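Please work from the sequences and hints to get the whole structure.
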Amino acid sequence: IGAVEESPKGKVRLETGFGGNRIIDMLIGEQLPRIC
13 IGAVEESPKG KVRLETGFGG NRIIDMLIGE QLPRIC
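Numbering of the sequence shown is given in this note's numbering, commencing with residue 13 and proceeding in unit increments.
Hints listed in this document are in silico derivations from the structure and should not be mistaken for laboratory results. All values reported here derive from a predicted model rather than from experimental measurement. A virtual CB, placed ideally from N, CA and C, is assigned to each residue, including glycine. Wrong hints could be hidden among the right ones.
Claimed, not checked - Per label pair, the in silico range of CB-to-CB distance:
1) Asp37 <-> Val16: 15 to 21 angstroms
2) Glu18 <-> Ile47: 25 to 31 angstroms
3) Glu27 <-> Ile47: 16 to 22 angstroms
4) Glu18 <-> Met38: 15 to 21 angstroms
5) Asp37 <-> Glu17: 17 to 23 angstroms
6) Ser19 <-> Ile47: 24 to 30 angstroms
So this is what it looks like as C-alpha coordinates:
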(Lines of atoms letter the chains of each structure in order from A and count residues from 1; the text may use other names and numbers.)
(Lines give C-alpha, C1' and ligand atoms only; values in the text may rest on other atoms or scores of the structure.)
Protein backbone atom coordinates (compact mmCIF):
# COMPACT_ATOMS: atom_id res chain seq x y z
CA ILE A 1 0.00 0.00 0.00
CA GLY A 2 2.74 2.49 0.84
CA ALA A 3 5.94 3.32 2.67
CA VAL A 4 7.32 6.38 4.44
CA GLU A 5 10.84 7.43 3.44
CA GLU A 6 13.06 10.34 4.49
CA SER A 7 13.75 11.69 1.02
CA PRO A 8 12.64 13.50 -1.03
CA LYS A 9 11.45 15.58 1.91
CA GLY A 10 7.97 17.05 1.50
CA LYS A 11 7.16 15.03 -1.63
CA VAL A 12 4.85 12.08 -2.24
CA ARG A 13 6.24 9.59 -4.75
CA LEU A 14 4.01 6.95 -6.35
CA GLU A 15 5.63 3.80 -7.69
CA THR A 16 3.54 2.36 -10.52
CA GLY A 17 2.87 -1.32 -11.15
CA PHE A 18 5.23 -1.13 -14.13
CA GLY A 19 8.16 0.11 -12.01
CA GLY A 20 7.87 3.80 -12.93
CA ASN A 21 7.71 6.70 -10.47
CA ARG A 22 5.48 9.78 -10.29
CA ILE A 23 5.53 12.76 -7.93
CA ILE A 24 2.01 13.41 -6.63
CA ASP A 25 1.08 17.11 -6.46
CA MET A 26 -0.35 18.68 -3.31
CA LEU A 27 -4.13 19.05 -3.33
CA ILE A 28 -5.30 22.61 -4.01
CA GLY A 29 -8.78 23.86 -3.23
CA GLU A 30 -11.21 21.29 -1.86
CA GLN A 31 -9.45 18.50 0.02
CA LEU A 32 -11.13 15.57 -1.72
CA PRO A 33 -9.54 12.12 -1.69
CA ARG A 34 -7.81 10.88 -4.85
CA ILE A 35 -9.59 7.83 -6.21
CA CYS A 36 -8.00 7.60 -9.65
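Structure-based check of all given hints:
1. Asp37 <-> Val16: 15 to 21 angstroms: 19 angstroms, holds
2. Glu18 <-> Ile47: 25 to 31 angstroms: 28 angstroms, holds
3. Glu27 <-> Ile47: 16 to 22 angstroms: 18 angstroms Cβ-Cβ, so the 16 to 22 angstroms window holds.
4. Glu18 <-> Met38: 15 to 21 angstroms: 19 angstroms, holds
5. Asp37 <-> Glu17: 17 to 23 angstroms: Holds, at about 18 angstroms.
6. Ser19 <-> Ile47: 24 to 30 angstroms: 28 angstroms, holds
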